[in-house]
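Protein chains: 2
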Amino acid sequence: MKKEIPYKIYLSENELPKQWLNLRAFMNKKPAPLLNSDTLKPMTKEELSEIFCGELVQQELDETTPYIDIPEEIRQFYKMYRPAPLVRAYCLEKALKTPAKIYYKFEGNNTSGSHKLNSAIAQAYYAKKQGLKGVTTETGAGQWGTALSMACSYFGLDCKVYMVKCSYQQKPFRREVMRTYGANVTPSPSTTTNIGKKILQDFPGTTGSLGCAISEAVEVALSSEGYRYVLGSVFNQVLLHQSIIGLETKTALDKYSVKPDTIIACAGGGSNLGGLIAPFMAEKLQGKEHYQIIAVEPASCPSLTRGKYAYDFCDTGRVCPLAKMYTLGNSFIPSANHAGGLRYHGMATTLSELYYQGLMEARTVEQTEVFKAAEQFARVEGILPAPESSHAIRVAIDEALKCKETGEEKTILFGLTGTGYFDMLAYENFHDGKMINYLPTDADLQKGFAGIPNINL
Amino acid sequence: MKKEIPYKIYLSENELPKQWLNLRAFMNKKPAPLLNSDTLKPMTKEELSEIFCGELVQQELDETTPYIDIPEEIRQFYKMYRPAPLVRAYCLEKALKTPAKIYYKFEGNNTSGSHKLNSAIAQAYYAKKQGLKGVTTETGAGQWGTALSMACSYFGLDCKVYMVKCSYQQKPFRREVMRTYGANVTPSPSTTTNIGKKILQDFPGTTGSLGCAISEAVEVALSSEGYRYVLGSVFNQVLLHQSIIGLETKTALDKYSVKPDTIIACAGGGSNLGGLIAPFMAEKLQGKEHYQIIAVEPASCPSLTRGKYAYDFCDTGRVCPLAKMYTLGNSFIPSANHAGGLRYHGMATTLSELYYQGLMEARTVEQTEVFKAAEQFARVEGILPAPESSHAIRVAIDEALKCKETGEEKTILFGLTGTGYFDMLAYENFHDGKMINYLPTDADLQKGFAGIPNINL
Chain A
1 MKKEIPYKIY LSENELPKQW LNLRAFMNKK PAPLLNSDTL KPMTKEELSE
51 IFCGELVQQE LDETTPYIDI PEEIRQFYKM YRPAPLVRAY CLEKALKTPA
101 KIYYKFEGNN TSGSHKLNSA IAQAYYAKKQ GLKGVTTETG AGQWGTALSM
151 ACSYFGLDCK VYMVKCSYQQ KPFRREVMRT YGANVTPSPS TTTNIGKKIL
201 QDFPGTTGSL GCAISEAVEV ALSSEGYRYV LGSVFNQVLL HQSIIGLETK
251 TALDKYSVKP DTIIACAGGG SNLGGLIAPF MAEKLQGKEH YQIIAVEPAS
301 CPSLTRGKYA YDFCDTGRVC PLAKMYTLGN SFIPSANHAG GLRYHGMATT
351 LSELYYQGLM EARTVEQTEV FKAAEQFARV EGILPAPESS HAIRVAIDEA
401 LKCKETGEEK TILFGLTGTG YFDMLAYENF HDGKMINYLP TDADLQKGFA
451 GIPNINL
Chain B
458 MKKEIPYKIY LSENELPKQW LNLRAFMNKK PAPLLNSDTL KPMTKEELSE
508 IFCGELVQQE LDETTPYIDI PEEIRQFYKM YRPAPLVRAY CLEKALKTPA
558 KIYYKFEGNN TSGSHKLNSA IAQAYYAKKQ GLKGVTTETG AGQWGTALSM
608 ACSYFGLDCK VYMVKCSYQQ KPFRREVMRT YGANVTPSPS TTTNIGKKIL
658 QDFPGTTGSL GCAISEAVEV ALSSEGYRYV LGSVFNQVLL HQSIIGLETK
708 TALDKYSVKP DTIIACAGGG SNLGGLIAPF MAEKLQGKEH YQIIAVEPAS
758 CPSLTRGKYA YDFCDTGRVC PLAKMYTLGN SFIPSANHAG GLRYHGMATT
808 LSELYYQGLM EARTVEQTEV FKAAEQFARV EGILPAPESS HAIRVAIDEA
858 LKCKETGEEK TILFGLTGTG YFDMLAYENF HDGKMINYLP TDADLQKGFA
908 GIPNINL
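Protein chains in written order, with this note's numbering: chain A, 1 to 457; chain B, 458 to 914.
Source of the hints: derived by calculation from the structure; they are not laboratory data.
Please note that a few of the clues may not be correct.
Each pair of labels, with its calculated beta carbon distance range [stated by the list, open to error]: (1) B:K551 to A:D69: 19 to 27 Å; (2) B:N894 to A:K198: 46 to 54 Å; (3) A:K259 to B:Q814: 52 to 60 Å; (4) B:Y524 to A:H431: 53 to 61 Å; (5) A:T64 to B:A552: 35 to 43 Å; (6) B:H747 to A:S257: 47 to 55 Å; (7) A:T192 to B:E862: 43 to 51 Å; (8) A:D62 to B:N894: 48 to 56 Å; (9) A:L359 to B:K460: 37 to 45 Å.
Mimicking SDA-like on lysine to any residue, the simulated pairs with C-alpha atoms at most 25 Å apart in a straight line are [as the list claims (entries may be wrong)]: (10) B:K712 to A:E13; (11) A:K288 to A:F26; (12) A:K128 to A:K94; (13) A:K128 to B:K554; (14) B:K536 to A:T251; (15) B:K460 to A:K288; (16) A:K128 to B:Y547; (17) A:K41 to A:P321; (18) B:K859 to B:R820; (19) A:K101 to B:E530; (20) B:K551 to A:K259; (21) A:K128 to B:L589; (22) A:K18 to B:K460; (23) A:K128 to B:Y464; (24) B:K498 to B:E529; (25) B:K590 to B:T648; (26) B:K465 to A:R88; (27) A:K79 to B:T868; (28) A:K18 to A:L61; (29) B:K554 to A:G156; (30) A:K372 to B:D615; (31) A:K372 to B:P629; (32) A:K30 to A:E361; (33) B:K460 to A:L11; (34) B:K465 to A:E15; (35) A:K94 to B:L589; (36) A:K402 to A:L96; (37) A:K8 to B:Q533; (38) B:K829 to A:G182; (39) A:K308 to A:T364; (40) A:K259 to B:T663.
Beta carbons are placed, not taken as given, at the ideal position from N, Cα and C, and that holds for glycine.
Chain A on its own, in the form it takes in the complex:
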């Protein structure tokens, strides 16, 4: 007999995963390596160590170890806010009158407001272990910056955050949260770096992008003694740490013998997507299970659906190595839509390769539709979702409504990455009917593509 499924499935603390899952170890054809932009040779451990902490470089380059131990100090911190609940969306199902069964993994019950803390604490831990003074980073929606501030404060590290200007303006209070945790926050592009000055000159009045902010943070890390750069998405190390999302989710579902048919996640740089799908994709790669996996991106920044699969710089300032990924071009600056965390020109190399191999799908959604879903969800499930997370909600609702038509009793799982408490300006625009849907024209895209370096390997 099947156990009755509660509204929220909480694992106990001793069920908290002891290892992260390294998805690349399960791939026959591995993602393409990062390249040194001068030599076009794969980045070596030594080269990467100038930017990143030593142990993180090891994780970045490790393609073969399937499971990597989570240090005890990190697990202690995880216990402050994890295991995160897996929620059965009974109320949403009822409101939609769908035969589908909907589950979501909720990562918003911590002050960073999102899943970002999972990797922030790991990166801060390794930085501390290496004896560093501090770290630099970029933040889009502000969630990664907040997460890193919390993590640095916990380990007594200095934290310098470059925040994408449009988010900095839209979310004045995010800065105060970071200050509460002792961080130093600068709107990007700024005049505090050479690359920032150049970007401001080339694109006067720009509201910034993750690509710009990364360049500034990397420049500061490289030029400051005892500092390294840490980042909240795109890189393999981040996907590794975020695998805790999927691992907990799978453990919780397994307890109730539930198998998802469709797994949905929003995708900016890919940290949440890569984390949520990790153990499911591993099974899929081993041919054990079939899952439909859907990445959801904003129509205004459609790297998977309209980008090119090519080697490109991870940042606008071209300070970072080259990565083979679906990209809109490193100079592409997306419109100032309200999902700051999804405004990145590329996509994690691992996820790009999986998408290229046809192991997952991608869809775009427009922001007014996203906010309709957000509001509907908030009213029935009682959680005010972040705009980023609401991309996944939109597609989950759409899939559940399809089930209503077909009568299929699909099991839908999606990632609810965080809360929208600092996004009320976006909600206000939506309520006032002032929200615009930005759609890059083909000409816009061509302009971005023109900036992709011409590398054939």
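Please arrange chain B on chain A, whose structure you already have, making use of the hints.
The following block gives chain B in isolation, referenced to the frame of chain A:
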């Protein structure tokens, strides 16, 4: 052998209380009844039914039933965000180097950001059951208003909120959250009511108070067909619903054979204090256990510590019945401190009587000290607390530091009522050194006392 205590104690859904606890039933000497201000006779069921829903009136007047069933529909809703975690503050203990064991019941993991949802959903349920069109209410910090908006949206009721003007100005985004749930929000005092107009005339430029906002909301409820007034604190019905906080806490502690020595709660109108202490105070009243119970109020609004125990109006406009309580006088308008939820001139009658009988203590704290505690707590426990909640944190830390001096291994329990995501302006003031400690002078208090009606019974 004692079980190891996890960081967070989560009850399972079937451990969710099935009944609320009615503290008055355990009191030999009951709190004084509400009086009709014209006749000075106890308010009858009929009189109260003009303002409140029928079943809520019954709960308001019931002094004898110790446990009252929670309707199944309300329990369903509770499952969306309850049981709430009881957290063992291992990280705070370590940071303080105290031998004390600190626990807190965290009520902030829901979109209202606080415990207020516990009573909001109950009151909306009874309003719906009675076939009403909608409800009116006041809100201070905005948490009650948000909670009620969520509850009304769930049951399809109209919701009109009068929000204390200083909070409305300090928390512009609170309004958007309420709008997301379909509520109508008006800053109080306003020109939409007679009493609002009068208050604006008598106190030009006032930033309002809970007392004013209550008057406006009651006036609108009385003059609108199919509407009743609902409220977030002070009244017995609210304390009844909030007993779920204490009941869950006690069940969780009992599981690990833990008995608190000291129980600490912030106190504005008393909803959280009354809820958290309910089962503990019941034991104390029965002589079964001794607990030290401490109510914490802001120095700027010290109803228990500097108020009078007397019959007074619950609202500035004198539309509400008379209640015997510790009061600063219904015309007392506290300074614009940052704990909007604690700016009420009186205290719940039940709690006032318990305090009068010497069954609990009260302390005042100043807001800069409160924010110091808030920041310290946020940094080690990873939760950004609301200013209201931080009053309890302040005293919990003070008590834990005393234990450090004496070596006592006290068990301290406090209520963490909510999160401060909408209070970043207050944090900003604190960070910038611009926060002022308001202390009413004796003359200020005398002015307030002068407005207390002269009733000797």
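Right, here's what the structure says about each hint:
no.: 1; hint: B:K551 to A:D69: 19 to 27 Å; result: holds (24 Å)
no.: 2; hint: B:N894 to A:K198: 46 to 54 Å; result: holds (48 Å)
no.: 3; hint: A:K259 to B:Q814: 52 to 60 Å; result: holds (59 Å)
no.: 4; hint: B:Y524 to A:H431: 53 to 61 Å; result: violated (42 Å)
no.: 5; hint: A:T64 to B:A552: 35 to 43 Å; result: holds (40 Å)
no.: 6; hint: B:H747 to A:S257: 47 to 55 Å; result: holds (48 Å)
no.: 7; hint: A:T192 to B:E862: 43 to 51 Å; result: holds (46 Å)
no.: 8; hint: A:D62 to B:N894: 48 to 56 Å; result: holds (54 Å)
no.: 9; hint: A:L359 to B:K460: 37 to 45 Å; result: holds (44 Å)
no.: 10; hint: B:K712 to A:E13; result: holds (16 Å)
no.: 11; hint: A:K288 to A:F26; result: holds (12 Å)
no.: 12; hint: A:K128 to A:K94; result: violated (48 Å)
no.: 13; hint: A:K128 to B:K554; result: holds (22 Å)
no.: 14; hint: B:K536 to A:T251; result: holds (21 Å)
no.: 15; hint: B:K460 to A:K288; result: violated (39 Å)
no.: 16; hint: A:K128 to B:Y547; result: holds (21 Å)
no.: 17; hint: A:K41 to A:P321; result: holds (10 Å)
no.: 18; hint: B:K859 to B:R820; result: holds (15 Å)
no.: 19; hint: A:K101 to B:E530; result: holds (21 Å)
no.: 20; hint: B:K551 to A:K259; result: violated (41 Å)
no.: 21; hint: A:K128 to B:L589; result: violated (59 Å)
no.: 22; hint: A:K18 to B:K460; result: holds (21 Å)
no.: 23; hint: A:K128 to B:Y464; result: holds (24 Å)
no.: 24; hint: B:K498 to B:E529; result: violated (36 Å)
no.: 25; hint: B:K590 to B:T648; result: holds (23 Å)
no.: 26; hint: B:K465 to A:R88; result: holds (21 Å)
no.: 27; hint: A:K79 to B:T868; result: holds (21 Å)
no.: 28; hint: A:K18 to A:L61; result: holds (21 Å)
no.: 29; hint: B:K554 to A:G156; result: holds (17 Å)
no.: 30; hint: A:K372 to B:D615; result: holds (20 Å)
no.: 31; hint: A:K372 to B:P629; result: holds (22 Å)
no.: 32; hint: A:K30 to A:E361; result: holds (19 Å)
no.: 33; hint: B:K460 to A:L11; result: holds (17 Å)
no.: 34; hint: B:K465 to A:E15; result: holds (13 Å)
no.: 35; hint: A:K94 to B:L589; result: holds (23 Å)
no.: 36; hint: A:K402 to A:L96; result: holds (11 Å)
no.: 37; hint: A:K8 to B:Q533; result: holds (12 Å)
no.: 38; hint: B:K829 to A:G182; result: holds (13 Å)
no.: 39; hint: A:K308 to A:T364; result: holds (16 Å)
no.: 40; hint: A:K259 to B:T663; result: violated (58 Å)
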